Each structure stands twice: as structure tokens, then as C-alpha cells.
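A.B. asks: Here's the letter readout for the chains.
There are 2 protein chains.
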Amino acid sequence: MSPAPSKPVDLKQACIDEAFAIIQSKGLEKLSLRDVARRLGVSHQAPYKHFASRDHILAAVVARCYAEFALYMEANVPETDSFESLHAMGLAYLNYAREHPLEYRLMFGSVLPDPELHEEMMQQAQYAFSLLHNKLEKLPLKHAADMATDLEKHDAIFVWSTLHGLATLLQSGVTDTLTLSQAEKAVAIERAMSRISLALDPETRGAP
Amino acid sequence: MSPAPSKPVDLKQACIDEAFAIIQSKGLEKLSLRDVARRLGVSHQAPYKHFASRDHILAAVVARCYAEFALYMEANVPETDSFESLHAMGLAYLNYAREHPLEYRLMFGSVLPDPELHEEMMQQAQYAFSLLHNKLEKLPLKHAADMATDLEKHDAIFVWSTLHGLATLLQSGVTDTLTLSQAEKAVAIERAMSRISLALDPETRGAP
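Which chain is which? The protein sequence lines are U and V, in order. Numbering follows my numbering, in which position 126 of the first sequence is assigned residue number 126; successive positions increment by one, without gaps. Numbering follows my numbering, in which position 17 of the second sequence is assigned residue number 17; successive positions increment by one, without gaps.
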């Protein structure tokens, strides 16, 4: 009996895996299609069947990061439409950033390939953003006199900016200059979440 | 008559200037004391009179960035103790980030030398943070039930995180995936500033 045929390798997915591994071990600037081919033991030309350039494979790596990030958020945030659920979304975002620093940096802290030229990457990024946008659309947001239409998109940028700032500042060396303990960082995160609620939630009342 | 003696060169300051120029033209990872000496036309050993290592000169560069950043904020933020003044501080911060991207990245987006070993850098960073901290201390902040003591430090981290998130996200490629126009970015910034006021200012009322 001849051996069962081995599972065909999906060259495209294997290239994306190797590209991520190269970025992880050598840094973003060392990514090349030639090195991807070498590590997979295929011809120099093989990756070009799927990726026209280094930017194309990088865009595919980043697109997969967005897709996995969105799955993580969907798995870890309750679907209920409440400010508690928005709070949980904030904590899930910060946990993701802490647990996946490279993926986080690729998505939100790197020079990305031009989204107009890499539609799959752009669509995955927009889908991830829509999770926050849709959450806010379902909540009754506090208004102030200077707030015009298109509320949720701008408020999504406010919430995202606060979370991104927390994720990057509290993990960078700069907060070491303030000698913040881990416990203080946790309090600062809770404070920021409370401030987001005070900013957005018409039901949140300041203390008397 | 012999010529007037030329102004003595301050080698330490000249080294810091050259170190910044190297980072600007070649990138942070290319900074070396050897290259600083070569560009100044002094002996390999000369910079070591002032800087024990590459980390020491990098810390001096970052310390100067913090000092100049603090001067910029002091020059551009009214001293009045009001939420309008906090708003002006936020806009000044975002302007600084846009006008000085390299300095901004060195202070807030890089792996810094260990602050415990570089006291001057740490003190300049703490002074810059104190400008925001002191501003908040002079304002009557809205309280909520879950907010314990040490209000201003944690609220300073909330405000700073939001500003840092805006500064980095709106200038990075990631918001290109959302195809935000310059006009929309300006609206998003104003919205975030309004949300900060709603979060902090007991006088800010939501619309009826």
C-alpha cells in the first residue's frame, strides 16, 4: 500500500507564517521574500506566485493580525449593549496589547503598507474598528453642546486613543521615569476607564 | 595684534548636538560615541570625558528633549487655572508632537535608558509630567464613587494617555485605513477634548 498522501502545504499561509517569524526574530526591516523562500526551502520565485512584493506579504501579515485581534475581542467582550460591556472591551484591548506586543506594534505602531493598495488589510482593520464603533452606536451617549453629528466615529477615536495611550505608555520606559508600581498602573487603568464612563455615559454621576 | 580668541567650544553640548543629528539622519540604533567624536573631529576618547557610554549620551539627548518640551508647553499654555487652560494645554501637546516628531518619539515612543541610572533625564521627564499634574491639582475635578485618593496623578495619566493616543494614531498609517480626512481628524481631536472636559469638569453638563 502506498503511504497516504501528505496534506498539501498551503504555500500562501506558510509564507505568511514565515514572514511573521522573520519579523519576530530579526525585526521588521529584515523581512524579505527571498528570506521567506529560503526558510521554506522553496525557489526564490515561489512566494511571488502569491505576493507581488515585500509590501504585499507585510500587508498579509498585518491583515492576519487584525483578523486575530478581532476574534480575540469578539471572544472576550460580552455582546450586551451596556457601558459595562464597553468597560470590558477596554480591559480586553489592554490585555491583548500586553499579551501580543509584536502583533500590537505591527497593527498600531508601525509604518503600514498603503491601505489603498492592500484592500484585504484595510478591510480587516476597518472590521476591527467597527467592533468599537458598533458598540458605541448601541449605547446612549452623553451629548454636549459642541458635539455635532457622526457621534460614534469620533467617540470611537476618543476611546481608542485613550486605550492606545494607556497600552503604549504604561508598557514603555517613559512611565518608569514616574516610578509607577504595577499596582499604581492598575489603578491608573481603572481611573481612565472611570473617566471614559464619566465622559460618555449619561447615567454616570459625579459624587455629591 | 593677535586675533581675538575664539569662543571656547562646549564639548559636552557639541556632543549632544551631534548625537541628535546622528539619530535624525541615521536612526537611533546607529548612535555611537565613536561616530560623535569623528563628526566633531576630536579624538575617540574625548566624548568619554563627559559620557561614560552610549546610553549616557542618549540619556542627555532625551533629557534635553524633555527640557525643550517643557519650555514649549510653558510658553504656549496660559497659566490661568481653568478647564480652558487644560484644553489649551492639550492642543499645545498635539502641536508639539506634530512639529517635533523625532523629539516626541525619543521621549515617548522609544526604549529609554534606565531612568534610575540617568538622574538628569528622569528629573526632566518628571518636571514635564508635573506641568500637567500641577494643572490638574489646581482644578476642581469631578469625582465618582470609585475614585480614591491621589486623584491628580491618575487623572494626569488619563489625560496624557488620551493625548498620546491621538498624537500617535492620527499621525500613523493606521487611521489611513479609516480614510479620515484632515478635517475629520481635526473634529476627532475637538471631540476628544470635549470628552476629557465631560470626564473631569464638574461644571460641564451634557445637553438636555
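Be a bit skeptical, because a hint or two may be false.
Which copy? The list can't say, so a pair holds if one copy fits it or any two copies do.
[As the list claims (entries may be wrong)] Computed list of lysine-lysine pairs in BS3-like fashion (alpha-carbon distance at most 25 Å, straight line):
{"#": "1", "residue 1": "Lys153", "residue 2": "Lys185"}
{"#": "2", "residue 1": "Lys138", "residue 2": "Lys30"}
{"#": "3", "residue 1": "Lys138", "residue 2": "Lys185"}
{"#": "4", "residue 1": "Lys138", "residue 2": "Lys26"}
{"#": "5", "residue 1": "Lys30", "residue 2": "Lys185"}
{"#": "6", "residue 1": "Lys153", "residue 2": "Lys12"}
{"#": "7", "residue 1": "Lys185", "residue 2": "Lys12"}
{"#": "8", "residue 1": "Lys153", "residue 2": "Lys49"}
{"#": "9", "residue 1": "Lys30", "residue 2": "Lys49"}
{"#": "10", "residue 1": "Lys26", "residue 2": "Lys185"}
{"#": "11", "residue 1": "Lys26", "residue 2": "Lys153"}
{"#": "12", "residue 1": "Lys30", "residue 2": "Lys12"}
If you are wondering where the hints come from, they were derived from the structure by calculation, not from laboratory data. Since the structure is predicted, the reported quantities are computational estimates derived from the model, not experimental observations.
A.B. asks: If a hint holds in the structure, say so; if it does not, say that too.
C.D. replies: Structure-based check of each hint:
{"no.": "1", "hint": "Lys153 with Lys185", "verdict": "between (28 Å within a copy, 11 Å between copies)"}
{"no.": "2", "hint": "Lys138 with Lys30", "verdict": "neither (43 Å within a copy, 50 Å between copies)"}
{"no.": "3", "hint": "Lys138 with Lys185", "verdict": "between (30 Å within a copy, 23 Å between copies)"}
{"no.": "4", "hint": "Lys138 with Lys26", "verdict": "neither (43 Å within a copy, 48 Å between copies)"}
{"no.": "5", "hint": "Lys30 with Lys185", "verdict": "neither (34 Å within a copy, 33 Å between copies)"}
{"no.": "6", "hint": "Lys153 with Lys12", "verdict": "neither (35 Å within a copy, 49 Å between copies)"}
{"no.": "7", "hint": "Lys185 with Lys12", "verdict": "neither (41 Å within a copy, 36 Å between copies)"}
{"no.": "8", "hint": "Lys153 with Lys49", "verdict": "neither (38 Å within a copy, 54 Å between copies)"}
{"no.": "9", "hint": "Lys30 with Lys49", "verdict": "within (21 Å within a copy, 36 Å between copies)"}
{"no.": "10", "hint": "Lys26 with Lys185", "verdict": "neither (31 Å within a copy, 35 Å between copies)"}
{"no.": "11", "hint": "Lys26 with Lys153", "verdict": "neither (37 Å within a copy, 38 Å between copies)"}
{"no.": "12", "hint": "Lys30 with Lys12", "verdict": "within (19 Å within a copy, 35 Å between copies)"}
The structure fails to meet hints 2, 4, 5, 6, 7, 8, 10, 11 from the earlier list, while all remaining hints are met.
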